[in-house]
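Chains as they are written, first to last, in my numbering: chain A, 1488 to 1773; chain B, 41 to 494.
Among the clues, some could well be false.
As the list claims (entries may be wrong) - DSS-like mimics (lysine-lysine), calculated; alpha carbons at most 25 Å apart, straight line:
(1) Lys1582(A) / Lys388(B)
(2) Lys217(B) / Lys1538(A)
(3) Lys1588(A) / Lys1620(A)
(4) Lys1660(A) / Lys1620(A)
(5) Lys1639(A) / Lys1588(A)
(6) Lys1620(A) / Lys1639(A)
(7) Lys50(B) / Lys217(B)
(8) Lys1614(A) / Lys388(B)
(9) Lys1582(A) / Lys306(B)
(10) Lys1652(A) / Lys1639(A)
(11) Lys1652(A) / Lys1620(A)
(12) Lys1614(A) / Lys1639(A)
(13) Lys1582(A) / Lys1620(A)
(14) Lys1620(A) / Lys388(B)
(15) Lys217(B) / Lys306(B)
(16) Lys1588(A) / Lys217(B)
Said to hold, decoys possible - Stretch by stretch, here's where chain B covers chain A in the computed footprint (C-beta under 8 Å, at least three residues):
(17) 1555-1568
(18) 1716-1728
Unchecked claim - Residues from chain A that face chain B, not an exhaustive set, calculated with beta carbons under 10 Å:
(19) Arg1605
(20) Ala1606
(21) Asp1754
Since the hints were derived computationally from the structure, they do not count as laboratory data.
Values in this document were obtained by computation on a predicted structure and should not be read as measured data.
Note that beta-carbon positions come from the ideal geometry of N, C-alpha and C, so glycine has one too.
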Amino acid sequence: MTNLENAQMDMLAGKVKMTQQSVNTAMNPSDALDRPIRLTARDVTVHYGAKQALHGISIDIPDRAVTSFIGPSGCGKSTFLRCINRMNDTIEGAKVGGTIKLDGEDVYDPNLDVVELRARIGMVFQKPNPFPKSIYENVAYGPRIHGLARNKADLDEIVISSLRKAGLFEEVKDRLGEAGTGLSGGQQQRLCIARAIAVGPEVILMDEPCSALDPIATAIIEELIDELRENYTIVIVTHSMQQAARVSQKTAFFHLGNLIEEGVTEDIFTNPVNKQTQDYIMGRIG
Amino acid sequence: MTDLLGTGRKAANERTQLVRAGLRRRHRNEQAFRILGIVAICCALGFVALLFTDVLRKGIPAFHQATLHLDVTYDPTLLNVDPVPERTAGQSDADFNAARLAWQRSVAMLNWNKVVEAALRTVTPAGLEIDSRQLLTIPETNARHVIREAFVANPNLLGRTRSFDLLASANVDNWVKGNIDRELGDAQQQMPAQARALVDGWVADGTITQDFAWGLFTNVDSRAAPASAGLAGAFMGSLYMMLVVIVLAVPIGVASAIYLEEFAPKSRLTDLIEVNINNLAAVPSIVFGLLGAAVFINFFHLPRSAPLVGGLVLTLMTLPTIIIATRAALQGVSPALRQAALGLGASKTQMVFHHVLPVTFPSILTATIIGVAQALGETAPLLLIGMNAFVASVPGSIVDQATALPVQIFLWQGNENRNFFEARTSAAIMVLLGLMILLNAVAIFLRTRLERRA
Ligand SMILES: Nc1ncnc2c1ncn2[C@@H]1O[C@H](COP(=O)(O)OP(=O)(O)OP(=O)(O)O)[C@@H](O)[C@H]1O
Ligand SMILES: [Mg+2]
Chain A
1488 MTNLENAQMD
1498 MLAGKVKMTQ
1508 QSVNTAMNPS
1518 DALDRPIRLT
1528 ARDVTVHYGA
1538 KQALHGISID
1548 IPDRAVTSFI
1558 GPSGCGKSTF
1568 LRCINRMNDT
1578 IEGAKVGGTI
1588 KLDGEDVYDP
1598 NLDVVELRAR
1608 IGMVFQKPNP
1618 FPKSIYENVA
1628 YGPRIHGLAR
1638 NKADLDEIVI
1648 SSLRKAGLFE
1658 EVKDRLGEAG
1668 TGLSGGQQQR
1678 LCIARAIAVG
1688 PEVILMDEPC
1698 SALDPIATAI
1708 IEELIDELRE
1718 NYTIVIVTHS
1728 MQQAARVSQK
1738 TAFFHLGNLI
1748 EEGVTEDIFT
1758 NPVNKQTQDY
1768 IMGRIG
Chain B
41 MTDLLGTGRK
51 AANERTQLVR
61 AGLRRRHRNE
71 QAFRILGIVA
81 ICCALGFVAL
91 LFTDVLRKGI
101 PAFHQATLHL
111 DVTYDPTLLN
121 VDPVPERTAG
131 QSDADFNAAR
141 LAWQRSVAML
151 NWNKVVEAAL
161 RTVTPAGLEI
171 DSRQLLTIPE
181 TNARHVIREA
191 FVANPNLLGR
201 TRSFDLLASA
211 NVDNWVKGNI
221 DRELGDAQQQ
231 MPAQARALVD
241 GWVADGTITQ
251 DFAWGLFTNV
261 DSRAAPASAG
271 LAGAFMGSLY
281 MMLVVIVLAV
291 PIGVASAIYL
301 EEFAPKSRLT
311 DLIEVNINNL
321 AAVPSIVFGL
331 LGAAVFINFF
341 HLPRSAPLVG
351 GLVLTLMTLP
361 TIIIATRAAL
371 QGVSPALRQA
381 ALGLGASKTQ
391 MVFHHVLPVT
401 FPSILTATII
411 GVAQALGETA
421 PLLLIGMNAF
431 VASVPGSIVD
441 QATALPVQIF
451 LWQGNENRNF
461 FEARTSAAIM
471 VLLGLMILLN
481 AVAIFLRTRL
491 ERRA
């Protein structure tokens, strides 16, 4: 609790000073880059109409690890994240170039069904957005549309274990029939995570999942992300450098639509190569 | 002048003074705006109240109508009629039916006015001289049909007496209700002096009372017997038209809105369609009537004056309203909900039908009901497709001739028997308004229920 409060104080003060010690509180980061590569992006560009938002991003995302994207507001983190599960398709005027491969398969292959892709790559949004339906229905919806449960018992099991994995089950087990929108912000976000997990994705994309939450809820979600790392490939966008340091094994720094630097989280925070990365981490840009 | 953004105590005090000086004006503006709003609302309410009191004041008397309570004797000396044919052994169906029809025709040929007159004479005071023509102006002209129909239904009445509640004529009704100045001279009165005296006597002894006018709801329009004119035909006509509108406009409108909003690619063509739909909503309704006459009647040769054609015209008129309202409702759905569904791998159709529509359903429903209510009150286009024709029967289907409630109001409003039909018109307006309020109440009820459930 006091640690948490300290962290909060730091954040409030806007002074992000990464000390060796705070990085070490994260799990041992040294194994991050030994992992097999799950996602590869090469020369990804995005145009919104005439405006170019991403200028050729190339990055590898390791399996069963947390990769975090950091960078000042408007630098294209969300845009890149949305390329991975093709959510940019739904934005009018957005044009994506380059290639992104999931296990060697081109995500933008015209023969690939985006519905299937999104079943494999789940997404958690910045603002908790549960469906205006019951807690149960929120989690059951994905498995139901993808036909993952043969019967009601299967579905119940998926719902309960997803809620368990999201660390929400104990809090809501007596009110699965109540509206998901009636939960607190942090609970709603965990519900959204449970909803994403229920489809059994291989990759989970999270766009600032804690930005609408208080420090306690944030701590719970961070812990959850850390547990999920065992089974899922996670990509997270965050504005909090402590968060990036705490939860991720790999970090990528974006600036003005370019990928400036990427590497093992510890390295990025302790001795960044690039001057811009240094400035950002020291709180001089953004 | 000190530094505008100074942080010293003095500068802060000065700023407070400035804020305070402006404060009074701001509060005054706020007050003025509030008063303006209240005045506007009062004006609006005042006019609504005026309208309602006027309609109610004029319309309520029409729900009661002067009614004659008469004992009618089926006197065999007046009714020279054969006994009703019985079926004889070995007679074929056709022969029997022909015999019955012949009998009915002979019954219709009898002078039933004599029976009515005889019944009236039984309650006429002995001293009062009144000729039969004048006497027969007191009951409505349909009295003899009522009495005859009762006899056809039950031929055993011959030689017996039965009591009837017969409508008094429109003139009698006016006289009884005091709509006619009693001081006017004979030349200006609509009823002769003896008849007036007789009616006054009957009102005093209870032969004429003001009874609830069921006929207003159960009868069709009538010109020969204005006192018996009712709304049943127009009501059914309106009902059939609403049916056509609901069956056609609602699915087509909602489906087009969903397609345009959710699926159609954004192109020059869809922009053009959108502009045109918005413009269609502003086209005067009478133009839709012209279109309906040209397309449905002249080209497709659908029957004139039929609720089918009326319903089609009203459908065309209502479609833009429903499409625009539905699109507005769809646009109002938060992008977060759409993203949530798509992010889980829902297809576009699943997103629309599982998430967007359930959320917008209450608004779509309300918009639809308001569109239908608007169609219910529409008159002008119906005049152009012949729905102002005089129809003296209740339509049995959507292709029968019919009129509609607002058209009936229009027709009664123009009736030359002003004294009598002014009240009828207001009563019809009350029925129409009642239907509208009912429709809107249903909309509000469904909306709150669905919203609570969501
Ligand atoms: N739907 C859109 N249409 C047009 N331009 C967009 C759209 N979304 C993002 N952009 C532009 O693309 C650039 C990158 O935006 P993006 O949302 O990816 O930034 P971000 O790094 O996620 O910022 P933040 O940290 O504030 O969320 C910005 O300049 C933004 O203005
Ligand atoms: Mg973003």
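How the hints compare with the structure:
1. Lys1582(A) / Lys388(B): holds (19 Å)
2. Lys217(B) / Lys1538(A): Violated, at roughly 80 Å.
3. Lys1588(A) / Lys1620(A): Given that 25 Å is the threshold and the Cα spacing comes to 35 Å, the pair is violated.
4. Lys1660(A) / Lys1620(A): holds (16 Å)
5. Lys1639(A) / Lys1588(A): violated (35 Å)
6. Lys1620(A) / Lys1639(A): holds (18 Å)
7. Lys50(B) / Lys217(B): Answer violated: Lys50(B) to Lys217(B) is near 82 Å, above 25 Å.
8. Lys1614(A) / Lys388(B): holds (21 Å)
9. Lys1582(A) / Lys306(B): holds (15 Å)
10. Lys1652(A) / Lys1639(A): holds (20 Å)
11. Lys1652(A) / Lys1620(A): holds (21 Å)
12. Lys1614(A) / Lys1639(A): With a Cα-Cα distance of about 30 Å, the restraint between Lys1614(A) and Lys1639(A) is violated, given a limit of 25 Å.
13. Lys1582(A) / Lys1620(A): Violated. Lys1582(A) to Lys1620(A) sits at ~34 Å, over the 25 Å cutoff.
14. Lys1620(A) / Lys388(B): This hinted pair holds, its Cα atoms lying about 19 Å apart.
15. Lys217(B) / Lys306(B): violated (66 Å)
16. Lys1588(A) / Lys217(B): violated (90 Å)
17. 1555-1568: Violated: only 0 residues of the stretch 1555-1568 of chain A have a Cβ under 8 Å from chain B.
18. 1716-1728: With 0 residues in contact (Cβ-Cβ under 8 Å with chain B), the coverage given for the stretch 1716-1728 of chain A is violated.
19. Arg1605: holds (4 Å)
20. Ala1606: holds (4 Å)
21. Asp1754: violated (32 Å)
The structure shown violates the earlier hints numbered 2, 3, 5, 7, 12, 13, 15, 16, 17, 18 and 21.
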